[in-house]
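Asker: Line by line, the protein sequences are chains D and H. Residue numbering for the first sequence follows my numbering, beginning at 1 and increasing consecutively. Residue numbering for the second sequence follows my numbering, beginning at 746 and increasing consecutively.
Since the hints were made in silico from the structure, they are not lab data. No experiment lies behind these values; they were computed from the predicted model shown. For every residue, glycine included, the Cβ atom is placed at its ideal position computed from N, Cα and C. Treat the hints loosely; a few may be bogus.
Here are the in silico distance ranges between beta carbons for each label pair [claimed, not checked]:
| # | chain 1 | residue 1 | chain 2 | residue 2 | range |
| --- | --- | --- | --- | --- | --- |
| 1 | D | TRP539 | H | ALA853 | 43 to 49 Å |
| 2 | D | ASN588 | H | ALA853 | 46 to 52 Å |
| 3 | D | ALA506 | H | LEU800 | 25 to 31 Å |
| 4 | H | VAL1073 | D | PRO459 | 34 to 40 Å |
| 5 | H | ALA1014 | D | SER562 | 36 to 42 Å |
| 6 | D | GLU702 | H | GLU1246 | 55 to 61 Å |
| 7 | H | ASN1244 | D | GLN736 | 48 to 54 Å |
| 8 | D | GLU702 | H | TYR937 | 51 to 57 Å |
| 9 | D | VAL698 | H | ALA975 | 47 to 53 Å |
| 10 | H | ALA1075 | D | VAL698 | 31 to 37 Å |
| 11 | H | PRO815 | D | LEU531 | 31 to 37 Å |
| 12 | D | GLU585 | H | THR804 | 36 to 42 Å |
| 13 | D | VAL60 | H | ALA1075 | 40 to 46 Å |
| 14 | D | TRP539 | H | GLY788 | 41 to 47 Å |
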Amino acid sequence: MRPDSARAALWAARTARRRLADVLAQHVVAIGGFATVASIVTMLAFLGAETWPLMRGARVVAREQWRAAEGPAILAVSTDEYRERVQLFRADGTIELVRPHDGAVTDRLALPGVEGRTVVAVRRNSLGQVFASLSDGSLLAVSLQVRPVYEAEGRRFVSELSRLGEWKLFSPENPPSVFAASSWRDGSLAIAWVNERGSVSFWSLSTTTSLFGESESTEQRGDIGVGGVTTLILDARGTRLVVGSHDGTVEQWDLRDPANPVLIDRRRATRADSVGITALAYLIGDQSFVVGDREGQVSVWQPVRDPEVASGWRLARIHEFAPHGAAVRSINASQRDKGFVTGDAAGEVALRHATSEQTLLRLTAGDAPVVAVAMAPKADGLVSVLEGGTLTSWAIENPHPEITLRTLFGKVWYEGYPEPAYVWQSTGGTDDFEPKFSLVPLVFGTVKGTVYALLFAVPIAVLAALYTAMFSPPGLRNVIKPTVEVMAALPSVVLGFVAGLVLAPALERHMPGFLLAMALGPIVVGGLGALCFWLPARWRVRLPRGFEVVGAGLALILVGWSFWHASAWLEVWWFQGDFRHWLAETLNTRFDQRNCVVVGLAMGFAVIPLIFSITEEALANVPKRLVSASLALGATPWQTAVRVVLPAASPGIFSAIMIGFGRAVGETMIVLMATGNTPVLDWSIFTGMRTLSANIAVEIPEAPYGSTLYRVLFLAALLLFAVTFVVNTAAEIVRQRLRQRFQQL
Amino acid sequence: MTKKLLGVWKTGDPFIWLAAGALATAVVMIAGLLVLICTQALGVFWPRSVAEIELVDGTQIVGPIVAEEPLPDAEGLYAGKQRILVQVGNRDFFAADFRWVDKANVRAISYPAELVTLEREEWGNFYGWLDALHVGSETVAKGSEQTWEALRARLPDARRLAARIRRLERKQLGDVNQSIEEQRLLLRRLEYRGAPEAARNEVLQTIASLQAEYDRLHGELEELRKQMEAEKVVLRASTGAVKELPVAYVVRAYRANTLSVPGKLRVYASKLWEFVSGDPRESNTEGGVFPAIFGTVLMVLIMSVAVVPFGVLAALYLREYARPGPWVRAVRIAVNNLAGVPSIVFGVFGLGFFVYFVGGTVDALFYPERLPSPTFGTGGILWASLTLALLTVPVVVVATEESLAAVPRELREGSYALGATKYETIKNVVLPSALPGVLTGLILAMARGAGEVAPLMITGVVKLAPTLPLDSHWPFLHLERKFMHLGFHIYDVGFQSPNVEAAKPMVYATTLLLVGIVVVLNLAAIFLRARVRRRLSTGVF
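Pulled out of the complex, with its shape left as it was, chain H reads as follows:
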């Protein structure tokens, strides 16, 4: 027996198993996380059937059943009792979006065909019945079925009208407004420089004509709004409360209980499309994340422009030019510390150095007419990108160095033997061979940059940016603008919004998108690196 025990000790089987268990734990953790995010996020856009729940006391509750879980009794035990979570929606009728219902109190649950789900511009989803449809003072349709048909027929036109109004508000009026603002700044600059009266008058005239244009557009807008308000649908909630809603405020309408699978897929696709291409609604808890995607991508691109030259030069220096010594060690320590210093410290540095110091100086030199309101002296996409570039330099350096080291000596020597200078060798032989490595580094840096949040939230990210940093106004790319970011969107919607429970689906969807981007970038880098290693290890010659 003792011998056997000793044997266990010698072979260490239990400990090997323990080590294997540790590995399994890590794998289970990552797999569990990814599965959780995927399952939760992919279900977000699926149109859920709307239940009509009748309670024992006669009250009616309408809405999709979101969850069912055991209900603890007074002692905290789960004795087989269940409760269900119903998303009652209808924020304009009820105080809370969700309601827990004790299953013991439920008399019946049914799924009537005529229950509709309306996604709206305001007040969240509506679950209930349609009563009538009015145009002006005239009733066009009455009753559930007729109104549904009428709504379906009129919805596309109403949506077009809503889109036109939004375009007018945002784009056309915004454009005129911006032109007026530019002219005003021009005027101030002229005053600042003491330009002659005539020049100033000219600007004043332009402003007057722009103002007239603004008034005209505004009149048009009022007209359209009146037109929109005329077409109204009458909604009835489970409590019997009735409300009129302009048809144009309905984003999407469907009868989830009668939808076939292809029909549900169509709704799913439409919601998914809205998610990736639309603007956020309802203080970011509904709608799309297009501005956040756009901001993230643009920020990462600007970052890449800064980080690649910096990183590649540093790697070239370390591998090709530097002679071993204390200076090289200093550079290595610097690279290592750029990788190891917490990202929030970069953020603080970015805020103090780029935003307040550099930005403040730029403002004082180039935009004195706008002071005291800052232009570059406040957080913006340029400063955020530069801060992240500093943060991701080591990633590029490490990957580039590795690929430079892997370029066979024969290649270089061949180039030197043909009389090439060092620069020519590097430019024509070494760098092209090392290019996949540089690319790997760049991809990894992009992945890191896309996922980083802490430094961004103090150097230029906002929860809702009124304009994209890229638009049709000169100079097109507005580096001073604040922007939205997927990672910050997760933090903001998940933790700063007033109704976290209702916002959760949006957070999951955004999380999946961000994780997807980061994982795909990383897998691409891994794949690329593996290919390079294989190619170089087999040798070119």
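Next comes chain D alone, as it looks inside the complex:
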């Protein structure tokens, strides 16, 4: 009794254990299934999450507002790199450093040698140079550096003021309140101002140092005869002057030769004559400039080549922005990107970005007119001062101001371009480079490469599959299928290498012959088939099955070989000895060594086995009953193949082509190695292109984590993912339907 019950207990325990194992296994396996879906969803979600910040605008992280201490008028404002010290420039020549979070004045500096005089106007540039027009008609230039010093208890700020020079430039009766200064570079400086007649005067100082270290300075003065000037700006080198007037015109002058200023162009920048220009500012790089008017309109202008204008340049409005409600009072450009900030007479401040034409933020500083606005050096903050001394400091988060759907997919008028264009150029040599993130050339390149690859691959793959499924002897079939499998397995880097380093240089020298062989090959083979048909019947029956492949192959090799070698003669006869030259002259097309013919061949090579296998499967799976019925009714094998089998399997062929398309769209190594990777926008088969995938491979190693480029490349990946997802899913659904239909037939 006892042993039995013990055994029963043991048995029960074992059963329980087995059950548990069974249930557990079921769950583990289910997790395996779940994991595939999870990985696809994670991929999609992750790519989306990395891309999403591109579409988010700017936002204010913190805002501090306080009233400046009573005192002489505030003329200008700026802030340091860490946004911890706001600098206020006052009319008595003092500079106050203020801590934004409590409004406390931590430091007070005095411009050297101002004693007894007052400051009429102040200009400050990104190098920390400060220029002041003084009440006795002199111009004072100083350098102000506010640097952090790290100590045990934290960051402390040290300010250094050093005098660069002082010159008597202006009339003492009428010191200008509107003037512009170039930057100070080793003793060279240019100043332009609005004189008492309302027109422009300028002065330049240039210092040359001789071999022996003696420096010699020369001063030059000049006038420009325009009236009603309201505001003006100079670029950092002091050679390009922009003048804005009461009647709404802007003029750009070339001051490279101070004795002989040249007018580049004059345009009306406002909607009506009566609206005056109220503020101007050069964007970083000093190429395009922002214009603000009395109505509150804001636009960006740049000189564009135009032979009809005397100087050869025309001022063009390249970007327009949502207007202010009141006159624009102050504009300040970012030192990081093509962003800028504008402030108006109603106390509103707006953060904008030139390339994307976005107004990213509209902020209210108060009710009084804005005296000055400034962007923080790292473009992560704004400061404004209003009449009456209200100071506001904003910390902003604005990671990707240059990206909108329009800059990604639309035409944008970039700096230095004659017209709006689709351009991909993510990095440039200089800090003031304007990144160009148009995905259009890349999408175009992807489509171009795919189309040429499929043009080559689809006929070959489908016809070859048709032959294999319908006409080939079984022995041949058993050889073909593993061969194609090996073809599918060849790494794309190998195909890319052969295409880029062997095929491309060879084709370059034999292009006409190759193209002719491509055109004539099928005709010759078809003709051979016809010839074969006319052979006497007793010869025909002796031909082994599969003879066509050998015959056609030999014929093709012969055609290819002879045209390959005749290519040089063809060039002489038809293309005046130089195919490239002929292309450029007659068809106006460039010829790249790594062109679409090469890519089409190489990518076709990669796609053929894919399309072949699926097509062959679809054709072979057409129920044999259909074939037999057709043959029994007297149709020839060819008629059966074309009229019965092909239509029945056509969804399968369609899905094969779709899958081939998906493969070609995302192929990376072949296009990377077999094209020049230049983003161009033309359909010519003799030029290369740059695809989305190759672009990712080229640029992502250099893209800093979280940067705009990084996220745009993620967007490109997301785009590829989405396209292939749709195509593959569609193809899969078609295939499943087809399988069901065949089962019903």
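Starting from the known structure of chain D, arrange chain H on it as the hints suggest.
Answerer: Structure of chain H alone, referenced to chain D:
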């Protein structure tokens, strides 16, 4: 006549021929490619005879003739004129490795016996004459013949010396260096955690003793280097320019023009062996690809560890457990899309997710003392392998599913009839029968993984890795290390090296190796699959 034309149309012979032509095109393409790669690659290691070419103007050019092709005239026509491409080598004497010579300018071509080919550690091959051999300030041999004999006699010892120096530099000094680095990190970790002074002092002492060891080894190295520099051979190029070269810098020396076929075969074998077992030289354009082979194999193995369980579970789910419905369709669509999404997208995902997100988190949690220099937060072999595992899951799923479907129902039913649970049936009956299928899937996945490059180049492959990911230092397998890969090697050497023409032989050889691996794996899979199909179609019972 019309009837005949109609007949052509009906039988469609021309079109059948066209279809056959399409098939032939595909076959010719693959065959042509394989033949091209084989012929080019297999000739790479063959020692070529060195020609002495005398031009009409009296100049002398020395080097193997690599190619001969028709020279187009001014009109672009090939009127029977030929030009030859000579590999002049001697990068320390000449600007370019190769030189085109118009055959019309050639007065004579001869193959003198005393011309030597020296493969060197630097500056590429040398083709020219040997003048003398010095040891210290003493001249041991003079004249072509005597120097050749002396060089041959001394070369093995010199190579051993060079190998010893390299071992000392790389291995011993490297080991000490790494130990010092580890101790430094330990120190930082201790500081990070606020460990007592005594513990830190102990580490400092260890560092000091290691430093002493380093200095001793360094002295030894200097001594050996001096010894190496003492033995020099005097080379003379075709221009008459003369150069002294330490014998130890010569990798291989032979007189190609007098070598017999067995002698050439010996050189061939030695070069081939260097190719598969040596380190790359001359910025990857010479020497071997061992690190790339090693990296590829290790990466594929790590990938396999991840992909097999994942793929087999997914296939088991689809075939054995799931009930038909929308969820199964979702899984199928997911598998299909894993197969169809471009590999570069996997790379981008791997970079963002594995490297920056997972790797960054791992660094923050486990290696805070090394920050800001990343450990796992940068590309490495683990992340590359996992990315590829994701990419190759469908291959395993499809193959496993097929073999699961082919397991006869009788087998399962027999197992159930004996009272086995589903799990036991799968474990003991179904999976063993399906094992060859799983293996097929694994082999195909390995082939795919070995050939894939695009996702790797952004998740951890580098052109030259200083260390292998597997070595004698704890924890032996360094999953965070960057690695070299055959496919990337092809891209990098073929397209990123400064002298593409000189690098081409290396690219061909690497290509053949990679294609060989991939094709052999695929053929193995095809063979295995065919066997399984045959066995299952005849039935076990």
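Asker: Determine for every hint whether it applies to the structure shown.
Answerer: Hint by hint, here is what the structure shows:
Distance hint check for TRP539 of chain D and ALA853 of chain H: the Cβ-Cβ separation is about 57 Å, which falls outside the suggested range of 43 to 49 Å. Distance hint check: the CB atoms of ASN588 of chain D and ALA853 of chain H are about 50 Å apart, consistent with the given range 46 to 52 Å. The given range of 25 to 31 Å is respected by ALA506 of chain D and LEU800 of chain H, whose C-beta atoms sit roughly 29 Å from each other. Hint check: VAL1073 of chain H to PRO459 of chain D, Cβ distance near 36 Å, so the stated range 34 to 40 Å holds.
For ALA1014 of chain H paired with SER562 of chain D, a C-beta distance near 41 Å keeps the hint of 36 to 42 Å intact. Checking the proposed 55 to 61 Å range against GLU702 of chain D and GLU1246 of chain H shows it is violated: the Cβ atoms sit about 27 Å from each other. A hinted range of 48 to 54 Å holds for the C-beta pair ASN1244 of chain H and GLN736 of chain D, which are about 53 Å apart. Between GLU702 of chain D and TYR937 of chain H the C-beta distance comes to about 32 Å, which lies outside the given range of 51 to 57 Å.
The hinted window of 47 to 53 Å between VAL698 of chain D and ALA975 of chain H holds, with their beta carbons roughly 48 Å apart. Between ALA1075 of chain H and VAL698 of chain D the CB atoms are about 35 Å apart, so this pair conforms to the stated range of 31 to 37 Å. With their beta carbons about 34 Å apart, PRO815 of chain H and LEU531 of chain D fall inside the hinted range of 31 to 37 Å. Range check, GLU585 of chain D to THR804 of chain H: about 40 Å between beta-carbon atoms, so the 36 to 42 Å window is met.
For VAL60 of chain D and ALA1075 of chain H, the Cβ-Cβ distance of about 43 Å falls inside the hinted range of 40 to 46 Å, so the restraint holds. Checked against the hint of 41 to 47 Å, the C-beta distance between TRP539 of chain D and GLY788 of chain H comes to roughly 44 Å, which is consistent with it.
Going down the numbered hints, you'll see the structure goes against 1, 6, 8, while the others check out.
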